Amino acid sequence: MTAIEFQGVSKIFPDGTRAVDGLDLAIAEGEFMVFVGPSGCGKTTALRMVAGLEEISEGAILIGDRVVNEISPKERDIAMVFQNYALYPHMTVAENLAFGLKLRKVSKKEIRNRVQSAAAILGLEDYLERKPGALSGGQRQRVAMGRAIVREPRAYLMDEPLSNLDAKLRVQMRAEIQSLQRTLGVTTIYVTHDQTEAMTMGDRIAVMRDGTLQQVDTPERVYQWPANEFVAGFIGSPAMNMVDARLTRANGELEVSFGDSTLVVDDGLIVERPALLSYEGAHVTLGIRPEDLEDQSFAPEARPGQRLDTVCTLREALGSEVLVHFPVGSARFVARIDPQTAAREGEPLRLVVDTRRLHFFEPGSGLAIYDQAGTVGDRWPASRLSPASASST
Amino acid sequence: MTDLARAAVPHSRPHRRSRRTPITWVRGGGLTTLIFLLPMLLLFGAFSWYPIARTVIMSLQHTNLVQPATWVGLDNFRTVLHDPLLPKAVENTAEFAGLALIFGYPIPLIAAVLMSEVRRFRGIYSALAYLPVVIPPVVAVLLWKTFYDANSTGVFNTILGWIHLGPYPWLQSQRTALPSLVLESTWANAGGTVIIYLAALTGVRRELYEAASVDGASLWRKVWHITLPQLRGVLLVTMILQIIGTAQVFLEPYLFTSGGPANSTLTVLLLIYNYAFGNSLGGDYGSATALSLMLAAFLAVFSLLYLRATRSWSTS
Amino acid sequence: MVAFPVPLRRRRERAVAEGQALITTADWHRPAVRWGIGSAQLLLLVGLVIVGLGPLLWLAKSAITPTTDTITHPMSLFPHGAAWSNLREAWSNVNVGRYFWNTIVIAFGSWLSQIVVATTAGFALSVLRPKYARILTALLLTTLFVPLVVLLVPLYVEIVHPPLIHHSFIDSYWAVWLPAGASAFNVVLMQRFFDNLPREIFEAARIDGAGPFRLFWSVVLPMSKPILGVVSVFAVLASWKDFLWPLLVITNPDRQPLSVRLPTIQSQTELGIFLAAMFIACLVPIAGFLIFQRSFLRGPGLSGAIKG
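Here the protein sequences come in this chain order: L, D and Z. Numbering-wise (the numbering used here), the first sequence opens with residue 1 and increments by one. Numbering-wise (the numbering used here), the second sequence opens with residue 1001 and increments by one. Numbering-wise (the numbering used here), the third sequence opens with residue 2001 and increments by one.
Calculated from the structure, these hints are not laboratory results. Because the structure is a prediction, the values reported are computed rather than measured. All C-beta atoms in this analysis are idealised placements derived from N, C-alpha and C, irrespective of residue type, glycine included. There may be inaccurate statements among the hints.
List of simulated lysine-lysine pairs, DSSO-like, C-alpha gap at most 30 Å [stated by the list, open to error]:
{"no.": "1", "chain 1": "L", "residue 1": "K131", "chain 2": "L", "residue 2": "K108"}
{"no.": "2", "chain 1": "D", "residue 1": "K1145", "chain 2": "Z", "residue 2": "K2225"}
{"no.": "3", "chain 1": "D", "residue 1": "K1145", "chain 2": "Z", "residue 2": "K2241"}
{"no.": "4", "chain 1": "Z", "residue 1": "K2061", "chain 2": "L", "residue 2": "K131"}
{"no.": "5", "chain 1": "L", "residue 1": "K74", "chain 2": "Z", "residue 2": "K2241"}
{"no.": "6", "chain 1": "L", "residue 1": "K102", "chain 2": "Z", "residue 2": "K2061"}
Footprint (simulated), chain D over chain Z, 3 or more residues, beta carbon under 8 Å [as the list claims (entries may be wrong)]:
{"no.": "7", "stretch": "2047-2060"}
{"no.": "8", "stretch": "2140-2148"}
{"no.": "9", "stretch": "2169-2181"}
{"no.": "10", "stretch": "2236-2245"}
{"no.": "11", "stretch": "2283-2289"}
Starting from the given sequences, assemble the full structure and let the hints guide the process.
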């Protein structure tokens, strides 16, 4: 059952900028959908259009099965959690929670019940008579969420609710919000610029850039099968390494060469990305995630076609792993390797690449190369492109 | 596996903005906004914008409240310009404004500079300075009128008598009447200026003074090179505001001396009042509005010239 | 951001830290500076007491001094005892009590008129933001630049002969209350204050289901207490001090406010009683000033405090 749906939705500002351009997206009942992307990508604008705080320039938004374009925020039965909490400073916590219910003429008894239960869930019982000015940042954030909970709406809309909290609190609240959503089972749209939040919290994540939807799918699939260079570089930290490369055939195998190195493309990979074959002899952009590289000493069974010899220019020790920076042609790569590595700055570095996890993109368009010989995976979400869905369509 | 809308549902037509009918305007909240604006629109319309327009119209008419008004073109302006009292009024007003500037401009500044360096009790200084501003002007004027009693038993004359000065005629002599008015006016208004200066002074960034101190600047240098330049904007604004305010002085001449003795305290505003409401002239609304317009025009031109002249000096 | 009132003591401490940089602590240690500036400040304080407080103290003293003493020995202190009867007589016989009440009624109405206009207009311009807001704001600002003298005569004629209604408003308090509301300064002040309120609270209220009236009454107004206080204090004070306009439009002596009556009282009563009446006229402004000092002394700096 679709809870919220975007149909060709665009937002055009008076000066002509398209903050959101032709967004098509369906969110299922009870789903935790995360909109993620860099600043200015349109994610907040899209959220506000669902809330009714921004007018919809083109297309339609449906909540339930109802087109809500012309419907006021009040009637849409949604609740919003703002980045800056937006609590009423002159009202107590209890009054803040009750305000929306009072306006909807909910009975006093019912209001009291809902406020009490929300306060219980969020641990706010002792703070009900305080004013927001007397609360800490984390407590205010909880009150903001409580305001959404008591309304018992069809959907929660959250606009970067954690960005004003310090790092430790953020991690804690992330988990709390997730478990809360799972318990209450309410459809949620969550906007963030932090890809870690997106990956850990979402049932599905929608990656946006410059107003257009780049890809929407589960976090794992976005990670494993990014639809284009942008998504590949945006998701995952440190970012995926990219370099110009050429695909050639040698000794009956498909090879990719870049800089001074050559890797053999794993056969299994070719099965997953049949379109690669049509790029034989052509230039492609090769992507390798830092975590798909490893110090040779820890991967003794690596084949020659997986070796990458280079020089370490920078070494960053993080405790749980080591990041080494090294040049590849004119590009600079980062690898995440075992903390026990003997790699040293200025010394030769011998790495191994997991050639089953290479990524390829068409130069120019940046689109990922996946299925259908002769065609390039288009910008539509990977669920239409990944082998599993390819077999189901 | 969730499937996507695009494949399942046909693309709906781009949503076109509905036509702007009165209904959409009401639904869009236009009526509510108008309701909120109603008090302002009504009151301003009736008591601000309409009177401004009426002034212009009335200056070109002869109005007597019984019959409808008649158009007389620029006659009113001519009458006013030929009034022998006008030059006297303009001269007195200029003298008042000038004297007020001399007394009322530097003294509050010096006081404010001294006050800004007070460590404790600055509140007492401010309160004392501002107290006269709070007193109703009528009380202030009438009180000073008793002070200015020309007898040797008048308050000021008594005090000056202690140091063997006076008695002075104060309000009763043509020479001393106007300055006496200026003195009271300064007393009543300087406090406001002090507070404004004080606010501006405390807004000057400490780092500027500290840098100057490190550079070895003396106190006078700091005042001259930092305080005054930083205060430029405020100083210029208060000057023009004071000039505009004193050019419209009415209460003091009206209550102290009714323009006397021998019209030595007749100001432009008092003349306007006399034209419109005075016992001898009274009812000449045409002349009154004509003179008001001329005064307003003069002040407008003066302000523009002033702004242009000081543009290069004021802070951005 | 929003200028919420800071506890008085903290602000005074901060205020001492501001300013006070012209003369550094090192400078203070130099005897020349300490004695020079210090004595200048002391002189200033003495001057302020004499000049600022002096006349009022004299008024207070003379209000309860018999007239003859005030006339013959104005600077002496109760040579023949105090005359508290001055006050009583002023209040009842000379009807100062009634005029005092008139002033209160007029002040209240003027205050209400100003508050209603400023809050509703400021709200509409700042929160509701219609497309024509700019034009309106420009019209408002032009009235600020028009000298009051220009309005005097036509306003008077309008009161005597209102355009549509054939009934003079002379002697009606509405002639004072309504024009008082047309203060562009108040509207702009309110508008700027509302501009500085966080927009997200309005959006949250919208989502909670609040319409414009609810938003105005339950959210915006309660959040505006500081600015309402400042506007109110200045409105009441301005009304209390008002002279020329009430003089023109209220001709019935029984309905005139205190300031309008005082000149007549001076010519009709003995000095002692008159001074008592003047003293009574000062009570409310002085008391108000002492109680609301913060608002008064912050007022002129307010435009800076609220900006941006």
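Status of the hints after comparison with the structure:
| no. | hint | verdict |
| --- | --- | --- |
| 1 | L:K131 with L:K108 | holds, 21 Å |
| 2 | D:K1145 with Z:K2225 | violated, 40 Å |
| 3 | D:K1145 with Z:K2241 | holds, 18 Å |
| 4 | Z:K2061 with L:K131 | violated, 49 Å |
| 5 | L:K74 with Z:K2241 | violated, 48 Å |
| 6 | L:K102 with Z:K2061 | violated, 58 Å |
| 7 | 2047-2060 | holds (count 9) |
| 8 | 2140-2148 | holds (count 6) |
| 9 | 2169-2181 | holds (count 3) |
| 10 | 2236-2245 | holds (count 5) |
| 11 | 2283-2289 | holds (count 4) |
Violated hints, listed in ascending order, are 2, 4, 5 and 6; each of the other numbered hints is respected by the structure.
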